[in-house]
Each structure stands twice: as C-alpha cells, then as structure tokens.
Amino acid sequence: MVADEQPNDWTAEETSNVHQASSRPDRTDPACNQAIIELAHGDREALSVIYDRMARLIFSVAYATTGNPADAEDVLQDTLIAVLRYASSYRDGSNAHAFVLTIARHLAIDVVRKRKATVPLDEIAPADQPVCETDWSRCDVRDLLAVLTEDERQLVVLRLYAGLGYRKISRVMEISVVAAQKRYQRALKKLKRLL
Amino acid sequence: MNRKTIKSVLKQLDRIPLPDKEIILAACAAQDLHVGQAEPKPKRRPHLKPVLASLVALGVLLSGATVYAAIAEARDYAAAVTFFNTNNLPLDGLSRSEIKHVYRDISTGTFTFGKTADVVTSSVSGYDLFQEEPTPEDLAKLWQAKNGNHTWPAFLPGQDDGVTYRISYTERLDEKLGFNVTDQSVIQKWVDGQQVWEASFKNLWLDSYAVLGDSVIVYGQTPTWSSEQTQYAWLALVDASGQIRWQHVMDNGFKHEYIGAVLPDEDGLAVFSRGNLKVLCLSRFDRTGQRTHFSQTEVGSYGIRNAARLADGYLVQLLDYAQGDRLIKMTRDGTLADAYTYGSEDENYYIADMAEFAGKICLSAYAVPRMADDMPHTSHYEIGPVLEEIYAGKDFEISNEALTQKVRDNYTALLLICDPKSGEPQVFYSVAGSLGAALSVNENGELVWEVESITDTFLSLATSSFTIGGDSTVYRYTFDAAGTLLSQEKTEIAAPFRK
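Residue numbers (this note's numbering), protein chains in the order written: chain A, 3 to 197; chain B, 2 to 500.
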C-alpha cells in the first residue's frame, strides 16, 4: 500500500487544515458540519445555521484579536462570506468548528495587520485605568485581554471561553499541540500575576 | 486570579451585542460568489521603472563571479523543485533556501535539517478516523462492570473467545533465611469460566506466556533474594492438556537475564532476551525444547517490549522513554540489519504492538506531546503536559470529567503502515483521545487494530504505581490488505488506563 494508491489528496488536506473522514459526522457539531456541506451544494440558507451556532464564538475570537467590537462585527461578516465561498473545500466529517474558526482568526489577524500601519497601538487599548489589579470582580474583559499578546488572547478565548481542547486549538492556530499548551500556560501565568 | 475567575471575566464577551442576524445574512447573500473559482487576478500594466531597475540589476549580475553564483543557485533550486515534485513533497511554507536545504538534506542522507522532518511527515498519507467522544452511557457501563455482578478481569481485552490464562504464586517460609521466598508459580487455563488445566513450576518466577496454537509457552526468571545471586531466564512448553513437555533454564553467562518476547518460528520458537540490561539475545528452540541457535548483540540500555516476524527475519521493539521506542530489524541469525525510531519534532511515539501484514510493517502506537529536554524520562513523561497544567493551576481537586478531557487531548492513537525495507511510514491512521493497542489478523485475513478510547480517568497523586488511573473503551478497526478501512466496531470491552 503506498500513498499514491489512496483515493484522496493528503497534501491538499494539510493545507486546508481539514481531515479526511468522508461521510462521517463532525465529532463536535454535526449540525454545523451538515450546514457547511449544504453551503457547498449551493444552499445559502444553511448560513443561518452557521450564524446560530457559531456567531458568538467567531465574534469572541475576533474581538480577542482585534480588541474592538466594530472590527469583530466586520470579521464575523467576512467570515460567513468566506465560509460561503470556500465551503466546497471543506471535507465532510472533518472539524467544522476548526474550519470556521481558522478562517475567522486569519481575517481578524488581517484586520490588525492593516490597522497597525495607520493606528498607534495605544489608541486601541482600553481607555480606563485597569481595575483588575485591585478588584478582579470588577475586572473588564478588555483589561484582562490587554495583558496578553495577540496569540495568547486567542488561546485563552479558545480554551477558557470556547472550551476547545489543545488539539483543536492547535488546528485553528496552526501550531503544534505542545506549542498551544506552552503558550496557554504562559498566558495563564501572566493573568494570575494580575492579582 | 484563578481559572474560574478568568472564565467569569471572559463571560463578559456574551454581553457584547452581536450584529443583527438578518442584516449580516443579507450582506452575505448580496455577495456575488464564484464558489470554487479563484479570484481573478488584476491585470498587470507594464511599468517602466521596474523594467529599468531589472535591466540595471541584470547588468550588475552580468559582471564578475556573481553570474556564476546566480546560475548555480538557480540550477540548485530547479533541481530541488524537481526533486520535490518527483517525490510528491509539499513546497508550501518553505522559502527558496529551505527548499534547497531540504533537498540537500534528503539527497545526501543527512536528515539533520529541522524542516526536513516537517516535509517528510506532511508527505505521508494520513487519515483521521472518527470516533465518538465518551458518552454518559459508556461511563455507566464501566461503572456497572466494576461495581455490578461482573468481576473486572472478565472485561479485560483479548478474552472474546472465552479463554483466559491466570497466573498466581505461592510462597513458603525459608527457616534458614527467616523470610518468605517463592515456592511455586502456577498458570491455569480457563474456558468460559471453567478451569481446564493447571501447571505449576517449583522455585521459578513466571513473568508471562505466549500462546502457540493449542500449547502455551510460559517464561520467567529464577527467583532471587540477594543482589549477589544470579538471575536466570527460563521457559517451558505446556501442551493442550496442561502437561509440561519441556523446560529450559538459560545460562548465557549473564548476571541477570530476562525474556522479553517469544515468537513462533518455522521449527519451533524464537526467544528474545536481555542480558545484564544491555545485551539483546536471540535464541531459537525446536519443538522438543532443544536450543538450535544463540546469538547476542550489545544494544545499550533498552528494554525489550515486543517482537514480530518480518520476512525471514525479525523486528524487535526496544523501549526507551527518552527517545521514544526504537525498532530494530534483525536477520534470522541475529545480526542487526537496521534501526528505526519514530516521532516528530513535537511528539514522541510509543509502540504498543506490531505485526507484519501484507508485506508491510504495521505498528500500533500512540503519540504524546514531546516535553522540554529537562523533563525526567519516566513513565510520567507521557502525562507530563497534563500534570504540568494541574500543578500550575494547583488544580488537585480536578473533576474526573475535566481530567479525562485533558488526558484525551494528550493522546493520539496511531497505526503506521511502513515500508519493510526503509521502515518509513507510508500511510498512517490516527484516532484522537486514544491509545493504539493490539494488532492481529482475523480469520478473513484482515488486519484488526484495537484502539483504547480513554473514557474515564481520575487523579491519584498518592498511588505509587500510577498517577492517573481510569478506563478506556476498546474499539476495533479492520483493514484489508490494501490498507483500506473496512469497519469500525465499538466493543463492550474495557481496558485499564494506568499512567
């Protein structure tokens, strides 16, 4: 048995960060998996399912990356458009959440990169003095995320807010499982030093 | 600030209003999409400045030795790209110099460049097999199995045919020494809950057994109570009626020797033993118990975990926590022909079983994240990332459910189908949250791969023999000779998880 004899193209799979598992349901969210398949077959109504199941998650990852709700809204919309556009490259039964969140993350990073050329960083930091240092119960999520780097913010949101495992995080962030674990630990240490 | 606090702060994200669904969907619907088609590239207009700049650059290049270097570089690069294309290696994400470096690394057989591993690994065909996450029903079944009318051993794997072998020991008081010593070891064969036979061995310690048709080879060591004593390996053949047909104590001149694996052979059996913790020995016995061959090779401080037939020789798995397991190919006369290690930059592979199937080496393994170099290489190494996270968060009261998720994140079962000559994986299958287990060939000539899906775990810092315990549900995957997955079965069998 050699690689060439296999029916599918692994190289394409690697680059699109999805996994060959034809006709198997998505292990995390079968409805989302089905919706992307339907989108690939031209049923745009299925986008509503993606919105219902993932809008909050996409928005939160985008917010953690961009630091502002207006940009996060744009990323949400652009992500849904991209899912619509690239649904045909999704393999049935692979990880739907990872597929969508990887797109969202890339778009959010694009927003930050474009902005860096024109907007000083201090303009996107929260305006008020952080209160986390004195009272965590009044800590604003913006203060909390401001302590972290862009990657760490995404990691913390994916791990603690979205509840994803390291393996899925590693797929979304296109890093190794070990790197995800280590960066998460580093982020956690930074946050623990807050109080 | 602990994780709960961070989580509660992150919950504020839920309070930020989302944009109106209808507006967003209407905006998406308004997009004129050409699904599956590449975006049209803007037409490039000729620019005079770049043309001039190119001409100047070309003029500079044409002068002196630079010309030769540029041509040589271009030739190297073209050769490298051809090599990548010929061998179906992915070029994605590699710079021009990295492509050349990987080409040189592979073509010269050096394999020292870090990117080479990435390229080789990503060129292997891989298949992510779907497996359900453990359900509450799985947990209920495990609970019933452990606390209901059944006894736990009845659920151990490999007992579908109703045959089990039970090993026990008796001791006696040695009045001269003043303490208990081993009296005898006993092995019993049980079929469907009924004892069929029993064989006992006086003054011998029985480590394990291997089934050879309707007979059983039992093996172990001579018991010792002082480091001054020599510990010999021994083996015996017990026939279908429970009679001991022959028994052999091996004296190969070692202070300490034990048998790691026993395999059936054309004429009898091949025995792999380890002498003085550093010498790998091959002994062959005929069916009457006469030794027909002995050879030894010093391989270093490796344990013997397993052995399998490979063509007319053998494949022996040596255990090493630091580097992952090591496979060596051995000819029939005991000469080491080759050695392979498996792993990646980020993960260590541990081989649980191996078999020759359809002319390929099949390895059942599991991968865990590679830890920092200063992490002690003990059996805890496998669960290092899980423990590190627990210790960092002082999360010693972690619930079984949360722990199980972390442990599942840590393990991936792998089936590697390797070229018998080079040992390189050609295809692999992976199952997240699981450990690769036994490999066998069923009556239809299909490869059966058992996978232990981690179902329920608990933290037990005070237990000496393990830190994380629990149970796994056994799945069976069946493959044909072409390596195609034929079926997946979730069995009722539970396997213990102890790390």
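Among the hints, erroneous ones may be present.
[What the hints assert, rightly or not] Some chain B residues near chain A, calculated using beta-carbon distances under 10 angstroms:
1) Ala28
2) Glu389
3) Ser441
4) Glu444
Quick caveat, the hints were computed from the structure, so don't treat them as lab data. For glycine and all other residues, C-beta sits at the position ideal for the given N, C-alpha and C.
*Hints violated by the structure (numbers, ascending)*: 3 and 4
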